[in-house]
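Participant: Here is what each chain is made of, one letter per residue.
There are 2 protein chains.
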Amino acid sequence: MRILINGRAEDRLDARDRGLHYGDGVFETIAVIDGRPRFPAWHFERLAHGATCLGIPLPDFDRLLAEITAACTEPRGVAKIIVTRGVGPRGYRPPVHPEPTRIVAASPWPDWEPARWSEGVRLGWCRTRYGRNPALAGIKHLNRLEQVLARAEWDDGAMDEGLMQDDRDGVISATQANVFARIDGQWTTPALDQCGVAGIMRRAFLGWSADSGNPVVARVLPARELASATQLFLTNALIGAWPVREFAGRRLPLDPAVARFNEWLAQQ
Amino acid sequence: MRILINGRAEDRLDARDRGLHYGDGVFETIAVIDGRPRFPAWHFERLAHGATCLGIPLPDFDRLLAEITAACTEPRGVAKIIVTRGVGPRGYRPPVHPEPTRIVAASPWPDWEPARWSEGVRLGWCRTRYGRNPALAGIKHLNRLEQVLARAEWDDGAMDEGLMQDDRDGVISATQANVFARIDGQWTTPALDQCGVAGIMRRAFLGWSADSGNPVVARVLPARELASATQLFLTNALIGAWPVREFAGRRLPLDPAVARFNEWLAQQ
Chain A
1 MRILINGRAE DRLDARDRGL HYGDGVFETI AVIDGRPRFP AWHFERLAHG
51 ATCLGIPLPD FDRLLAEITA ACTEPRGVAK IIVTRGVGPR GYRPPVHPEP
101 TRIVAASPWP DWEPARWSEG VRLGWCRTRY GRNPALAGIK HLNRLEQVLA
151 RAEWDDGAMD EGLMQDDRDG VISATQANVF ARIDGQWTTP ALDQCGVAGI
201 MRRAFLGWSA DSGNPVVARV LPARELASAT QLFLTNALIG AWPVREFAGR
251 RLPLDPAVAR FNEWLAQQ
Chain B
1 MRILINGRAE DRLDARDRGL HYGDGVFETI AVIDGRPRFP AWHFERLAHG
51 ATCLGIPLPD FDRLLAEITA ACTEPRGVAK IIVTRGVGPR GYRPPVHPEP
101 TRIVAASPWP DWEPARWSEG VRLGWCRTRY GRNPALAGIK HLNRLEQVLA
151 RAEWDDGAMD EGLMQDDRDG VISATQANVF ARIDGQWTTP ALDQCGVAGI
201 MRRAFLGWSA DSGNPVVARV LPARELASAT QLFLTNALIG AWPVREFAGR
251 RLPLDPAVAR FNEWLAQQ
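Sequence order for the protein chains is A and B.
Just so we're aligned: the first sequence equals residues 1 to 268 in this note's numbering.
Just so we're aligned: the second sequence equals residues 1 to 268 in this note's numbering.
The set of hints was computed from the structure by calculation and includes no laboratory data.
Any given hint could be a false lead.
[Stated by the list, open to error] Just a few of them, taken from the derived set where beta-carbon distance is under 7 Å, the chain B residues facing chain A:
no.	residue
1	Tyr22
2	Tyr92
3	Pro94
4	Arg132
5	Ala135
6	Gly138
7	His141
8	Leu142
9	Leu145
10	Asp211
11	Ser212
12	Asn214
13	Arg251
14	Gln267
15	Gln268
[Stated by the list, open to error] Computed Cβ-Cβ distance ranges for the label pairs, DEER-style:
no.	chain 1	residue 1	chain 2	residue 2	range
16	B	Val217	A	Ala210	34 to 44 Å
17	B	Asn6	A	Arg90	29 to 39 Å
18	A	Gly207	B	Pro95	53 to 63 Å
19	B	Pro110	A	Ala115	20 to 30 Å
20	B	Ala158	A	Asp60	43 to 53 Å
21	A	Met1	B	Leu58	46 to 56 Å
22	B	His49	A	Arg8	34 to 44 Å
[Claimed, not checked] Quick look at which bits of chain B chain A covers, simulated, 3 or more residues with Cβ under 8 Å:
no.	region
23	62 to 71
24	100 to 114
25	148 to 158
26	200 to 210
In this text, a Cβ means the ideal position worked out from N, Cα and C, and glycines have one as well.
Isolated chain A, as found in the complex:
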C-alpha cells in the first residue's frame, strides 16, 4: 500500500488525529481504471458534502486528483481518500481553526472471481442493524462500526454479502454495497435519509437507469417486501454491479439490465 499524508509519502499518522479518536472525518473509495480515477467529480462532490456537514474545510480537488495519480502507480487499483479534522486538543469540541489531515492510499485491485458478475453472488441477512441519524445519513464518514460488526457475522463460505436493516425493519444496504430490488416489475432502492451511505455507483445506476427509460424508485423498503423481489443486485464503486443469484436461500434469475449497466460502465 502506497500512502501520501498531506501530500508526502508517509505511512504513519499523528496519534492525536481526531480521525482516530472520534472517527471525525470522511472517506472515499475510488476505482482507478487504466490509470484514471472513475467518477472523480462525483466522489469529490460526496466528500465535499460530508466534510461540509461535519464542518471540516474542503481539500483542493485538483491536488487530490494529482495525489491519486501519484499514489496509484498501477494501471488498475483502488484509491482511498481520508480527510479528517486533523489534530486537536483533548475533548470532542472541534478546534476553531482545524488543519485537516488528507490521506491518499493506493491498494491493488481486489481479485474477485469473474463469476461474481457473470453468475451472480449469494446474499443473506445480517443481524446487526443501522442506527438512524439523519444528521449523518448518506455521508461516508469514519464511524463505521455497524458495518464492521455486520461484516464480522459470516465467513465467505456461507455467503458473499449481507443485507442490513434499520431498527424499523427497513432494508438499507449490504455491508459494502447498495442494493436494488425489482418488485412488481419496478427497480427499487432504499431511501438513505436516515442512515446508510449514498454510494457513487448507486448514483451512477440511478442516472443510467433513468436515461434508459426505467427510472428507479428510492423509498422506504420494508424487509418483508424482498420476499416478492424477482431480482436483486448490489452496487459499489469498485464492483460496479453484481447480480444476486441466491438470496436467503432462494434462487433468483439474473436481470439482463445488470449486465447492460456493467457494459456501459466499462466504457466510462
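Given the structure of chain A, go ahead and fit chain B onto it with the hints provided.
Facilitator: Relative to the frame of chain A, chain B by itself:
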C-alpha cells in the same frame, strides 16, 4: 502529550489502523490523582466489555496499568487509553487474527475554574441527537461523531455543557458527561441500553447513592420531564460531579448531595 503505542514511546500510528478507518476500537479517559489512576478496575472492566462486544482481543490489565504510570509523569493528569483492532487489509471485514493497537496517552489536568463545582454550571440543549443502536449502546467506542457535532453547536460563552436526546425525545447525556435529574424528589438518570456511554463516574454515583440510602432510578427519561426537575448534575471520570445552576435559562438550586459525593470522591 506523552504517548506510548504498544508500550513504546511513539507519537505516530500506522495509517492503515482500523481505528482510523472505521472507528474500530474502544477507549477510556482516566483521571490520574496523586500519581494513581482512579477506579482503574472499573475502567478496565468497561474497556474489556466494549472490546468483547466488538470482538477485539483484550489487553493485559497489569501492563496497561504500568503504561499509565509510565506515561503520566505528573502527579495529576489525564490518561487516555485507546485499543483498536489494529492494522488490517482493505474492507470492513475484521481480520481473523487481529493484532490490536494499544495507545496510552497522558495529558495535563484541564484547568476548569473551581466555581464549576462550588457554584455549578450552565446547561442547555443540543440539536444533534443520538441514533439508537443497542449493539453499541453504553460502550465507549471510537464512533463519536454525534457528540462531536453536538459539541460544535455552542461557544463557551453561551453555556458549559449541552444535553443530547435520542430520536424518541428521550434525554441521553451531555456531550461529555452523564446527567442526573431530581424529579419528584427522586434522583433519576437515563437508561443507556439504546445509545450513550455508561460512564465510570455514573457508576460511582449510582453505587455511592445506593449506599447512602438514596438509590437512583435509571429509566427512559422524556425530555419534557426535565421541566419539572428541581436539581440537575453532570458526571464524568475527570470532573466527578458538577451541579447545574442554570438549565435552558432556568435557575436551579444546588443539591447538597452533589457536594457530599465530590467529598467522598476526593477520598477514593
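Participant: It remains to establish, for every hint, whether it holds in the given structure.
Facilitator: Against the structure, the hints come out as follows:
1. Proximity of B:Tyr22 to chain A holds as hinted, the smallest CB-CB distance being about 4 Å (cut-off 7 Å).
2. The closest approach between the C-beta of B:Tyr92 and any C-beta of chain A is roughly 4 Å, which is under the 7 Å cut-off, so the hint is satisfied.
3. For B:Pro94, the interface hint holds, the least distance from its beta-carbon to any beta-carbon of chain A being 5 Å, beneath 7 Å.
4. Proximity of B:Arg132 to chain A holds as hinted, the smallest CB-CB distance being about 5 Å (cut-off 7 Å).
5. For B:Ala135, the interface hint holds, since its Cβ comes within 7 Å of a Cβ in chain A; the closest pair sits about 6 Å apart.
6. Checking B:Gly138 against chain A: minimum C-beta separation of about 13 Å lies over 7 Å; hint violated.
7. Satisfaction of the interface hint for B:His141 is found here, the shortest Cβ-Cβ separation to chain A being roughly 6 Å, below the 7 Å cut-off.
8. Residue-level restraint check for B:Leu142 holds (minimum Cβ-Cβ distance to chain A is 6 Å; threshold 7 Å).
9. Here the hint on B:Leu145 is kept, as its CB sits about 5 Å from the closest CB of chain A, short of 7 Å.
10. Interface hint at B:Asp211: violated, since its Cβ lies 31 Å from the closest Cβ of chain A, which is beyond the 7 Å cut-off.
11. Taken as an interface hint, B:Ser212 does not check out: its beta carbon lies about 31 Å from the nearest beta carbon of chain A, beyond 7 Å.
12. Proximity of B:Asn214 to chain A is violated relative to the hint, the smallest CB-CB distance being about 31 Å (cut-off 7 Å).
13. A distance limit of 7 Å between C-beta atoms decides the matter here; for B:Arg251 the minimum to chain A is near 26 Å, and the interface restraint is violated.
14. Among the interface hints, the one on B:Gln267 is violated; its C-beta lies about 26 Å from the nearest C-beta in chain A, farther than the 7 Å criterion.
15. For B:Gln268, the shortest C-beta to C-beta distance to chain A is roughly 23 Å, which exceeds 7 Å, and the interface hint is violated.
16. Separated by about 54 Å at the C-beta atoms, B:Val217 and A:Ala210 break the suggested range of 34 to 44 Å.
17. Distance hint check for B:Asn6 and A:Arg90: the Cβ-Cβ separation is about 21 Å, which falls outside the suggested range of 29 to 39 Å.
18. Between A:Gly207 and B:Pro95 the C-beta distance comes to about 36 Å, which lies outside the given range of 53 to 63 Å.
19. Range check, B:Pro110 to A:Ala115: Cβ separation about 58 Å, and the 20 to 30 Å hint is violated.
20. In this structure, B:Ala158 and A:Asp60 break the distance hint of 43 to 53 Å, their C-beta atoms being roughly 34 Å apart.
21. Separation of A:Met1 from B:Leu58 is about 28 Å and departs from the stated range, judged on CB atoms against 46 to 56 Å.
22. One distance hint, 34 to 44 Å for the beta-carbon pair B:His49 and A:Arg8, holds here, with the actual separation near 39 Å.
23. Taking a C-beta to C-beta cut-off of 8 Å, the region 62 to 71 of chain B contributes 0 residues in contact with chain A, too few for the three needed, and the coverage statement is violated.
24. Residues of the region 100 to 114 of chain B with a Cβ under 8 Å from some Cβ of chain A number 4, which satisfies the need for three, so the listed coverage holds.
25. With a cut-off of 8 Å between beta carbons, the region 148 to 158 of chain B has 5 residues touching chain A; three or more are needed, and the interface restraint holds.
26. Counting residues of the region 200 to 210 of chain B whose C-beta lies closer than 8 Å to any C-beta of chain A gives 0; at least three are required, and the coverage claim is violated.
Figure legend: structure checked against the earlier numbered hints; hints not met, in rising order: 6, 10, 11, 12, 13, 14, 15, 16, 17, 18, 19, 20, 21, 23, 26.
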